[in-house]
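Visitor: Protein chains in written order, with numbering that gives the first Met the number 0: chain A, 0 to 227; chain B, 0 to 227; chain C, 0 to 227; chain D, 0 to 227.
Just so you know, the hints here were simulated from the structure itself, not pulled from any lab data. The reader is advised that the hints may include incorrect statements.
To be verified - Only pairs whose alpha carbons sit at most 25 Å apart, straight line, appear in this in silico PhoX-like list of lysine-lysine:
{"id": "1", "chain 1": "A", "residue 1": "K74", "chain 2": "B", "residue 2": "K104"}
{"id": "2", "chain 1": "C", "residue 1": "K74", "chain 2": "D", "residue 2": "K104"}
{"id": "3", "chain 1": "A", "residue 1": "K104", "chain 2": "B", "residue 2": "K104"}
{"id": "4", "chain 1": "B", "residue 1": "K74", "chain 2": "A", "residue 2": "K74"}
{"id": "5", "chain 1": "D", "residue 1": "K74", "chain 2": "C", "residue 2": "K104"}
{"id": "6", "chain 1": "D", "residue 1": "K104", "chain 2": "C", "residue 2": "K104"}
There are 4 protein chains.
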Amino acid sequence: MTVSVYGETFARWRAGCGDPWQDYTHHAFVEGLRDGSLPRAAFLHYLVQDYVFLVHFARAWSLGVVKADTLDEMKVCAATVDALVSHEMALHIQTCAVAGIDEAKLFAATEEFENLAYTRYVMDAGLQGDFLDLMAALAPCCFGYGEIGTRLAATAAPDMPYRDWINTYADDGYQGAMDAVGHMIDAAVTRRMGSDPTATARWPHLQARFNTATRLEVAFWDMGLRGA
Amino acid sequence: MTVSVYGETFARWRAGCGDPWQDYTHHAFVEGLRDGSLPRAAFLHYLVQDYVFLVHFARAWSLGVVKADTLDEMKVCAATVDALVSHEMALHIQTCAVAGIDEAKLFAATEEFENLAYTRYVMDAGLQGDFLDLMAALAPCCFGYGEIGTRLAATAAPDMPYRDWINTYADDGYQGAMDAVGHMIDAAVTRRMGSDPTATARWPHLQARFNTATRLEVAFWDMGLRGA
Amino acid sequence: MTVSVYGETFARWRAGCGDPWQDYTHHAFVEGLRDGSLPRAAFLHYLVQDYVFLVHFARAWSLGVVKADTLDEMKVCAATVDALVSHEMALHIQTCAVAGIDEAKLFAATEEFENLAYTRYVMDAGLQGDFLDLMAALAPCCFGYGEIGTRLAATAAPDMPYRDWINTYADDGYQGAMDAVGHMIDAAVTRRMGSDPTATARWPHLQARFNTATRLEVAFWDMGLRGA
Amino acid sequence: MTVSVYGETFARWRAGCGDPWQDYTHHAFVEGLRDGSLPRAAFLHYLVQDYVFLVHFARAWSLGVVKADTLDEMKVCAATVDALVSHEMALHIQTCAVAGIDEAKLFAATEEFENLAYTRYVMDAGLQGDFLDLMAALAPCCFGYGEIGTRLAATAAPDMPYRDWINTYADDGYQGAMDAVGHMIDAAVTRRMGSDPTATARWPHLQARFNTATRLEVAFWDMGLRGA
């Protein structure tokens with residue numbers, strides 16, 4: 000896997016982020032998903048929180064449509080909302096149903112602080128800034144899960160308990176959607192920042208957005224482990 | 000056709016609006032679409048403006064996802080964004096392409112003031128108020144075009160030049176989508192205003208939103224006729 | 000008067016705007032204010048609409064606080080809200096009171112389409128874009144009225160009926176506030192776009208915001224004359 | 000002190016909140032401020048975070064101006080922004096300056112998750128809902144600090160180290176501002192929900208906003224103690 004599969008901008012943000020990117024994508028929670036050692040209680044605790052996370056993540060991608068400047072930006076954002084609601088959340092609903100947690104309970108779950116902090120930070124990045132501020136805050140979740148899915152699909156044992164979770168992010172549907180997002184972001188950056196974006200006054204502000212969201216991903220996994 | 004096809008809330012807003020609703024749905028522009036007498040230049044002028052209108056209308060429905068409180072509200076709003084982008088706008092693109100106006104030109108068309116006023120009023124209704132303020136401002140376009148489509152499909156000559164436009168709004172896809180919107184709005188009203196919403200302190204504010212948007216629909220048709 | 004009194008950014012936007020800036024700042028309505036020939040009915044029609052305009056303009060400057068990145072940006076935006084509510088609107092309230100129109104009537108006045116279009120376009124520039132998009136849409140009113148006030152104060156007869164209006168925009172309070180706004184915008188541009196902002200990919204988008212708002216100023220004066 | 004000093008709505012929200020209100024207003028951090036036993040390191044850690052909190056709280060009150068429906072709502076929200084920036088934040092700047100932390104460092108401080116969660120939750124309450132959703136999320140901080148200030152001023156020893164902090168919230172300026180906020184909220188509730196708001200379908204949603212913000216206040220004090 001090369002990271003540039005999701006476009007040039009993500010490759011730059013990822014390189015600019017440094018250690019926290021590794022802390023996020025190789026977190027103990029992730030390694031527990033890979034080797035199957037993650038306690039089921041921690042996984043379910045995470046999954047319930049992640050369902051509510053996705054509700055607000057879908058709101059944030061819809062805010063992307065509100066803030067878009069081109070028809071292509073609008074279409075990719077709208078397609079991502081659809082992918083979240085129809086595809087990713089289905090995993091949560093099915094897995095939690097088996098554990099006796101129905102969708103109404105998922106939707107009404109009390110959010111942990113790490114969850115609140117993350118989703119509302121992303122929403123406010125969109126309210127305070129422009130389309131790129133929002134994209135920089137959305138990127139770590141989108142592409143980080145893509146990276147994790149690809150890596151775990153290649154290295155996890157076939158018969159371990161978290162195979163469905165891994166497949167959700169490793170499969171062609173998710174990977175293709177994230178590829179489209181990455182290239183849309185590249186075009187959005189060129190449109191607003193020209194052909195040498197890292198040389199602009201604005202770049203460090205976008206990098207800071209990406210870094211904060213990555214830090215919040217680490218905290219989200221920490222929160223998951225607390226459920227064990 | 001009974002107006003309650005789109006739900007109870009719309010039936011109340013429509014009744015509370017009075018004459019302007021008739022001015023909008025039976026405007027000279029509409030009658031020109033029905034009997035085929037509308038000058039082609041006026042139709043094309045309208046269609047170009049309406050394309051840009053739909054871009055911002057899709058942004059406003061996406062703001063609906065941002066402001067929704069329930070998963071059903073989110074899903075109906077997201078489906079409406081998709082219907083606008085994939086279905087309604089296709090008519091504009093095809094019709095304008097025949098007239099030598101490509102989609103890039105449509106997207107970049109200078110907005111007339113009536114167009115700016117309408118779409119930005121709807122956006123700001125969402126920013127200033129809550130989900131219902133936004134729905135009240137979105138409703139006249141959605142349901143009014145539904146009414147017009149149904150009426151014109153039943154009364155227009157089969158071989159007149161605006162048949163494609165009429166079919167776009169008379170067909171089952173559009174009608175079904177608006178039926179879903181109407182019932183979602185009914186549930187949204189009950190959730191926030193109880194079972195007797197017209198008796199609440201808030202009702203006149205929502206009616207005023209609906210009336211302003213209806214007034215802006217009349218102005219939009221007036222603007223269309225100026226293109227003749 | 001040199002235009003750079005309100006900063007470098009405004010000087011560039013003004014130069015980039017071309018004829019519409021002249022159409023706005025030397026409109027027949029303005030010349031009627033200068034020589035006193037403007038019909039009183041047109042002035043009052045304008046003043047009632049402008050009161051409602053200022054309500055939404057104060058909302059837009061408050062959105063500036065929401066979107067600010069630095070404490071100085073926050074402070075200048077908050078001070079402008081205060082100047083609008085405490086200073087500019089006082090003129091409208093007093094003048095309209097003499098004509099028998101009280102403040103409750105002003106606040107509840109039905110907005111003309113040109114008024115709706117202008118204020119809601121500015122609000123949406125803030126929702127869709129970032130702080131600079133909002134500033135580019137706010138600038139023509141702020142600095143254009145400053146230019147008009149300065150020019151009319153120097154050339155109008157001392158005993159003509161619109162002296163109070165002219166003084167509101169010519170006086171040191173308004174001029175000083177706009178000077179502070181202009182320099183805050185310069186710093187905001189440097190922070191986000193570097194030291195050569197007109198060379199960036201983004202500049203034409205900001206210029207387009209400024210031009211649209213200038214076009215809406217012309218329409219606002221046209222609307223005023225309709226009241227005669 | 001009776002709680003109704005800040006109006007009827009707050010009295011209802013406070014009563015409806017239950018134990019968490021006590022957990023917040025009588026937190027160990029607060030008791031440490033009262034008897035002077037709070038470690039200085041914890042106080043400074045809190046104060047730096049609270050400065051950044053107030054920056055975003057000022058943004059949220061400015062969003063209140065954006066969402067207001069009446070001139071009085073606009074004025075009270077704008078006055079609160081001014082009180083936060085000119086009054087409350089001065090305490091933080093002076094106290095931190097003595098400890099060698101200048102304002103630029105305060106503004107750039109990395110936000111703890113509890114801080115991010117709280118301020119961005121409030122911002123999003125405003126983006127998702129209407130004016131009352133925003134007020135319900137802003138209320139616990141405003142009125143809780145008022146209650147704490149009044150109680151601690153009456154019971155703390157005169158020569159203890161946190162007297163300046165206590166006076167900031169006990170003094171007539173803060174108390175008068177919060178009294179104005181409380182009565183503005185009462186009028187805003189009546190305008191939108193009628194004379195019996197607790198009987199409406201919407202009340203539980205507003206109470207839930209108030210409860211979440213109160214829960215976040217408790218977490219904020221917990222975060223402060225971690226700095227010891």
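Visitor: Can the restraint linking K74/A and K104/B be considered satisfied, given a maximum Cα separation of 25 Å?
Guide: Holds, at about 18 Å.
Visitor: Checking one constraint from the list: CA of K74/B to CA of K74/A, max 25 Å. Satisfied?
Guide: Roughly 16 Å between the alpha carbons, so the hint for K74/B and K74/A holds.
Visitor: Mind checking the alpha carbons of K104/D and K104/C for me, to see if they're no more than 25 Å apart?
Guide: Cα-Cα ~48 Å, so violated.
Visitor: If you draw a straight line from the CA of K74/C to the CA of K104/D, is it 25 Å or shorter?
Guide: holds, 18 Å
Visitor: Below or equal to 25 Å on CA atoms is what counts here, so check K104/A against K104/B.
Guide: Given pair K104/A, K104/B is violated - Cα atoms ~48 Å apart, limit 25 Å.
Visitor: For the pair supplied as a hint, K74/D and K104/C, is the alpha-carbon distance within the 25 Å limit?
Guide: holds, 18 Å
In summary, the structure is inconsistent with hints 3 and 6 from the numbered list given earlier, while agreeing with the others.
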